[in-house]
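4 protein chains.
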Amino acid sequence: MNRTKVAIIGASGYTGVELMRILALHPQVELKVVTSRQHVGMPVAELFPSLRGIVKLAFVDHQVEVIADQAELFFTALPHQTALDVVAALCAAGKRVVDLSADYRFSARSLYEQWYQTHTQPELLAEAVYGLPELFRRQIPESRIIGNPGCYPTSVILPLAPILSRGLVAPGTTIVVDAKSGTSGAGRSLSPGSLYCEVNENFKPYKAGTHRHQPEMEEQLERASGIRPEILFVPHLLPVNRGILASIYVPLARPVTVAEVGEILNQAYAGETFIRLLETGALPSLAAVRGSNYCDIGYVLPGNGKQLMLFSAIDNLVKGAAGQAVQNMNLLLGLPEDSGLRTVALVP
Amino acid sequence: MNRTKVAIIGASGYTGVELMRILALHPQVELKVVTSRQHVGMPVAELFPSLRGIVKLAFVDHQVEVIADQAELFFTALPHQTALDVVAALCAAGKRVVDLSADYRFSARSLYEQWYQTHTQPELLAEAVYGLPELFRRQIPESRIIGNPGCYPTSVILPLAPILSRGLVAPGTTIVVDAKSGTSGAGRSLSPGSLYCEVNENFKPYKAGTHRHQPEMEEQLERASGIRPEILFVPHLLPVNRGILASIYVPLARPVTVAEVGEILNQAYAGETFIRLLETGALPSLAAVRGSNYCDIGYVLPGNGKQLMLFSAIDNLVKGAAGQAVQNMNLLLGLPEDSGLRTVALVP
Amino acid sequence: MNRTKVAIIGASGYTGVELMRILALHPQVELKVVTSRQHVGMPVAELFPSLRGIVKLAFVDHQVEVIADQAELFFTALPHQTALDVVAALCAAGKRVVDLSADYRFSARSLYEQWYQTHTQPELLAEAVYGLPELFRRQIPESRIIGNPGCYPTSVILPLAPILSRGLVAPGTTIVVDAKSGTSGAGRSLSPGSLYCEVNENFKPYKAGTHRHQPEMEEQLERASGIRPEILFVPHLLPVNRGILASIYVPLARPVTVAEVGEILNQAYAGETFIRLLETGALPSLAAVRGSNYCDIGYVLPGNGKQLMLFSAIDNLVKGAAGQAVQNMNLLLGLPEDSGLRTVALVP
Amino acid sequence: MNRTKVAIIGASGYTGVELMRILALHPQVELKVVTSRQHVGMPVAELFPSLRGIVKLAFVDHQVEVIADQAELFFTALPHQTALDVVAALCAAGKRVVDLSADYRFSARSLYEQWYQTHTQPELLAEAVYGLPELFRRQIPESRIIGNPGCYPTSVILPLAPILSRGLVAPGTTIVVDAKSGTSGAGRSLSPGSLYCEVNENFKPYKAGTHRHQPEMEEQLERASGIRPEILFVPHLLPVNRGILASIYVPLARPVTVAEVGEILNQAYAGETFIRLLETGALPSLAAVRGSNYCDIGYVLPGNGKQLMLFSAIDNLVKGAAGQAVQNMNLLLGLPEDSGLRTVALVP
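So the protein lines, in turn, are chains V, A, B and R. Going by my numbering, the first sequence opens with residue 4, and the numbers climb by one from there. Going by my numbering, the second sequence opens with residue 4, and the numbers climb by one from there. Going by my numbering, the third sequence opens with residue 4, and the numbers climb by one from there. Going by my numbering, the fourth sequence opens with residue 4, and the numbers climb by one from there.
The hints are simulated quantities; they were obtained by calculation from the structure and are not laboratory data. One thing to keep in mind: the hints can contain errors.
Repeated chains share a single entry, so a pair holds when one copy, or any two copies, can fit it.
Here are the simulated DMTMM-like cross-link-like pairs (lysine to aspartate or glutamate), alpha carbons at most 20 angstroms apart as the crow flies [what the hints assert, rightly or not]:
(1) K210 with D72
(2) K8 with D341
(3) K98 with E130
(4) K210 with D88
(5) K35 with E145
(6) K59 with E282
(7) K8 with E75
(8) K210 with E68
(9) K309 with E233
(10) K98 with D72
(11) K210 with E282
(12) K59 with E275
(13) K35 with E233
(14) K210 with E49
(15) K98 with E75
(16) K8 with E68
(17) K98 with E225
(18) K35 with E137
Fair warning: this is a prediction, and the values are worked out from it, not measured in the lab.
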């Protein structure tokens with residue numbers, strides 16, 4: 004069989020090594036090129052000993068003109084802003100791109116520019132598709148650029164979209180999203196806050212109400228449901244390597260039963276491979292999704308009936324980044340959506 | 004100097020070892036008796052090697068008639084329900100008791116009985132004082148029984164009481180309390196959910212909206228402020244040994260400025276040794292209070308001005324249990340309130 | 004294709020859930036039966052939410068007469084001693100068994116009985132084969148009973164056997180094995196020492212010089228090399244879920260060069276899928292093998308040339324238990340040895 | 004009472020914050036100056052929120068001419084080599100110094116220069132005293148410069164010195180020291196290997212046989228015992244914040260009984276406040292010493308009687324650095340040796 008050649012631009016971070024882990028075992032693609040400005044010439048297995056004997060490439064520089072010919076589909080795992088022009092150059096070379104930065108996630112250019120910086124490729128932004136297959140599956144295969152969703156937004160949009168669509172959220176109210184992420188979400192760059200001794204045995208909120216994933220959630224939830232929600236998003240840093248658990252507090256527009264909530268979620272996601280709705284009253288955990296592409300969703304209606312609680316768990320590096328990127332690649336290439344992604348969480 | 008003799012009934016759990024850690028260095032008291040049904044005759048230092056060379060006692064059985072004479076003040080660190088009659092027997096023997104179970108925390112017997120079980124000592128319950136010194140300091144010295152607050156309630160009542168008192172909470176709304184606790188909060192008893200491999204690299208909510216600390220918070224907040232709040236309390240289990248971080252989302256009754264919030268909290272707690280108000284915008288962390296008796300409080304007003312966010316951090320075994328119990332003991336004995344409690348968090 | 008039906012007797016522990024994780028994705032076998040005395044009737048996914056949607060079985064009781072017909076090959080993951088007669092009954096029913104207890108690992112019955120208890124099935128013990136494929140591959144396919152190696156012995160025998168075979172170990176000397184294991188090695192049973200708060204932020208040796216894996220190592224190293232080594236084995240408990248790192252100090256019989264050591268190891272293992280020899284001077288780590296079936300081996304010759312240091316890393320639940328058991332199953336069934344085992348370590 | 008004024012040069016690392024934690028509560032000294040080149044002007048409590056309300060200083064630059072007058076005794080917690088001239092300048096200004104770098108630890112200048120770099124202050128080096136009070140207590144009070152011992156050497160010299168002194172080590176043999184350290188030992192500087200996701204759930208050896216603490220151990224053991232031992236030292240990195248556990252394998256010169264070993268250690272250390280000899284067969288753990296200045300020592304004689312095993316546990320930041328430095332300061336100032344150091348390990 005002819006495997007499709009793929010490349011990763013910016014492969015020396017945690018998203019990069021996770022893409023390599025998944026792609027190395029993917030039956031229908033072949034990883035041909037991995038780039039890292041910082042580690043040009045270094046064998047991948049030297050930086051990431053877990054890939055010893057598995058990925059035999061060395062890092063190269065990411066000059067698009069040099070590497071564009073070597074693959075058909077590109078993952079860009081670069082910092083925000085850096086991806087802008089690299090993606091454009093790859094498109095100009097006729098390639099398809101799954102971009103894991105925020106640069107092609109927003110529909111409204113103004114919103115991107117309000118929270119990030121000037122967007123240098125507005126036409127391409129308009130063309131890009133938000134790569135959340137469970138909600139926007141049809142548009143993905145026809146696109147050249149997939150804006151791979153943020154990790155937190157994935158964990159929030161999936162449980163919330165059907166609830167919002169069905170009018171359960173009381174208008175004018177604020178949905179509180181209290182989310183907790185493992186430390187790999189902060190990336191592999193050097194910062195005092197990412198040191199072992201700062202994170203271990205610690206826990207704290209950060210960027211309370213000011214995180215850039217909040218507008219992303221609000222915009223895509225509106226696209227999915229037709230209703231613009233008002234979200235108060237507070238992330239916290241967990242002393243674990245992987246995983247996001249989002250606790251979502253929804254002021255209800257009207258009384259509902261827990262059975263009705265279950266039915267709404269079930270109708271939305273019953274056929275989805277990567278969404279697991281928990282039985283009534285069960286609550287998700289990070290361990291149950293670690294290393295897998297699942298999003299586990301639980302829901303609880305407390306006594307007074309005024310609020311619905313939604314809980315979701317994903318692995319931030321899989322469904323929140325590399326796994327979802329491969330899911331998007333599968334759709335782009337016409338492969339089975341779960342190809343290379345049928346893994347079970349590593350427990351314990 | 005004559006040291007006051009004290010005893011711990013039920014000293015083989017995490018609260019017990021923490022009480023011993025603090026009391027061993029307390030300059031004005033002497034630990035004379037420690038009991039443990041399960042470990043009668045075992046030297047304390049065999050069960051807890053950290054106390055080797057420091058606590059030279061062995062565990063004895065907790066027959067009140069035998070041990071009542073050996074100390075003047077007793078800490079009871081027994082499971083809920085077990086404490087009911089032990090505390091009563093100690094009182095009958097003329098002793099003063101700081102009870103770390105839930106058995107003497109509630110003002111309303113009916114509320115206790117709704118969430119726990121029949122209360123066998125209603126007269127003593129009526130007499131007991133809720134031992135949160137920052138709010139109820141005056142009543143403590145005159146009491147025979149101190150109901151030492153629950154760990155979660157301590158972390159929630161302290162930041163919330165002044166806000167509620169000043170009418171900032173919109174009537175009829177729900178205050179969401181999304182709290183996260185280290186695993187020592189689950190105690191030292193054997194349960195699958197407390198195994199290392201189940202907790203490590205994991206995180207999950209539990210008892211969402213049904214935890215027994217919720218009515219305790221609501222009752223004591225009403226006592227402190229005159230207003231009964233409606234709280235939706237969702238605890239989560241953190242992979243750390245110690246610490247509670249509470250994220251509290253308060254729907255506001257009217258627009259406030261962040262300066263006003265700071266002033267309210269400052270007026271309430273400016274003179275308090277064990278409460279540290281963070282500067283505007285700063286957020287607390289578990290590490291900053293680990294091993295200490297502090298409650299750190301931060302506050303944030305997000306853009307839309309509809310909600311106030313309060314964040315608090317305590318060490319669940321210190322300010323959330325043993326440290327607060329010693330603070331209560333100091334008040335009961337007329338000692339400086341911070342005696343034996345001037346410790347600095349262990350960082351890193 | 005017709006998948007071979009397999010069963011797991013004793014599937015509610017960590018070895019059990021790991022076997023299920025691997026077998027669920029194995030392309031040539033089908034998991035038909037899982038047993039657990041304690042959880043009869045409970046759906047597997049209720050006990051192990053990671054397997055939700057993946058393993059749809061419920062636990063049954065392990066009466067051999069009832070389940071023997073339902074599978075062709077059995078994994079027994081029972082406590083030592085319990086496996087003795089269950090394995091015998093399965094053999095009597097004409098089934099093949101990979102036993103993950105210690106009951107069929109020893110060649111010398113007397114050695115087993117010295118360290119464990121009376122062996123009730125001495126004929127079967129004589130027939131059983133020690134399932135370390137890299138050293139005893141030829142004997143495995145013809146056997147009915149595979150004694151799946153202990154986790155520590157796997158990590159020690161693999162690096163040491165070639166060194167011993169080539170006469171590098173000074174006769175009459177003691178090889179020090181200072182090994183460190185993640186907590187899943189202690190199993191999922193309830194014991195105070197396995198509680199999160201006891202293991203986390205802690206580290207300690209245990210059973211120094213008296214662990215039952217020491218005679219297993221010595222016996223199998225003699226079988227593999229013809230020379231009986233004297234080993235001083237000291238295990239330590241690590242605050243991680245998974246992994247064994249063994250540091251092995253070998254008094255040398257004669258001066259060697261590091262190149263010679265590399266060549267010896269290379270000759271022994273160059274063709275092995277699951278052994279990765281590190282480049283000279285590189286040292287293994289737990290992270291590089293987590294979740295995979297690899298054994299990574301490093302070697303260092305310190306300045307004075309008197310001692311050779313060997314370092315090995317495995318995942319105790321994979322190469323140290325379930326993965327190796329599946330490797331043995333593949334050999335028994337004539338499947339590719341790495342079938343179902345081509346996984347990459349989960350990093351970070 | 005007049006408190007002695009002290010200063011910390013280089014206070015923004017983990018040793019610095021630990022010194023501040025201890026000194027803040029020390030009854031006879033007053034911390035007057037803390038320096039940090041990187042954080043000049045920043046309040047200490049901003050960098051280390053654990054010290055909020057406790058240390059009210061801000062960091063200043065470490066120009067000796069400016070700060071020499073402000074304190075009588077100085078702790079230098081600077082990187083190796085940087086300390087060389089700062090210590091000399093402080094001495095020239097008539098101050099006494101406890102230096103926590105390696106710059107004043109070695110007796111033989113040539114050994115220092117072999118493992119570090121040129122020593123610019125050889126006369127001061129000759130004058131400096133190795134600050135291990137349990138072995139060199141008498142020399143400390145008369146000295147101007149204390150070379151505070153390395154963390155690993157402290158954990159190894161203490162258990163080994165009496166054994167070596169009494170001729171128990173077989174001449175010409177190698178003592179294997181397999182040591183494991185928490186991550187704070189690597190300091191607070193930014194390095195990929197200190198990132199949370201690299202250390203957590205990981206474990207690995209490093210600098211096997213080439214670590215610079217090996218010659219320090221050998222030299223000081225010779226000074227203490229008159230016999231130069233040959234040590235093979237292999238450190239490993241533990242996923243905990245604090246603690247060193249050293250497993251020491253001693254080839255015996257002659258048969259001994261465990262009672263004899265116990266007696267030797269007891270004779271050496273019976274009166275020592277900070278050394279706790281465990282009962283026969285008991286093994287130390289990191290948890291039992293966390294946050295305290297204790298060194299716990301255990302000893303085991305395995306069956307064949309050829310090797311003695313010693314195990315020691317310390318908190319690398321306390322007895323391995325800041326606590327020992329304060330112990331040395333107490334001796335220098337004629338204070339009770341345990342002043343400010345009577346703390347109990349934080350468990351759990």
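Each hint tested on the structure:
1. K210 with D72: neither (41 angstroms within a copy, 43 angstroms between copies)
2. K8 with D341: within (18 angstroms within a copy, 25 angstroms between copies)
3. K98 with E130: Within one copy only: 14 angstroms inside, 60 angstroms across.
4. K210 with D88: neither (28 angstroms within a copy, 43 angstroms between copies)
5. K35 with E145: Neither: 24 angstroms inside a chain and 42 angstroms across chains, both beyond 20 angstroms.
6. K59 with E282: between (44 angstroms within a copy, 14 angstroms between copies)
7. K8 with E75: within (6 angstroms within a copy, 41 angstroms between copies)
8. K210 with E68: neither (39 angstroms within a copy, 42 angstroms between copies)
9. K309 with E233: both (17 angstroms within a copy, 11 angstroms between copies)
10. K98 with D72: within (9 angstroms within a copy, 55 angstroms between copies)
11. K210 with E282: The answer is between: 15 angstroms across copies meets 20 angstroms, while 33 angstroms in one copy does not.
12. K59 with E275: This pair counts as between: shortest inter-copy Cα distance 17 angstroms, intra-copy 34 angstroms.
13. K35 with E233: neither (43 angstroms within a copy, 49 angstroms between copies)
14. K210 with E49: between (35 angstroms within a copy, 17 angstroms between copies)
15. K98 with E75: within (6 angstroms within a copy, 50 angstroms between copies)
16. K8 with E68: within (16 angstroms within a copy, 53 angstroms between copies)
17. K98 with E225: Neither. Shortest intra-copy (30 angstroms) and inter-copy (59 angstroms) distances fail the 20 angstroms Cα cut-off.
18. K35 with E137: Neither. Shortest intra-copy (29 angstroms) and inter-copy (32 angstroms) distances fail the 20 angstroms Cα cut-off.
The structure shown violates the earlier hints numbered 1, 4, 5, 8, 13, 17, 18.
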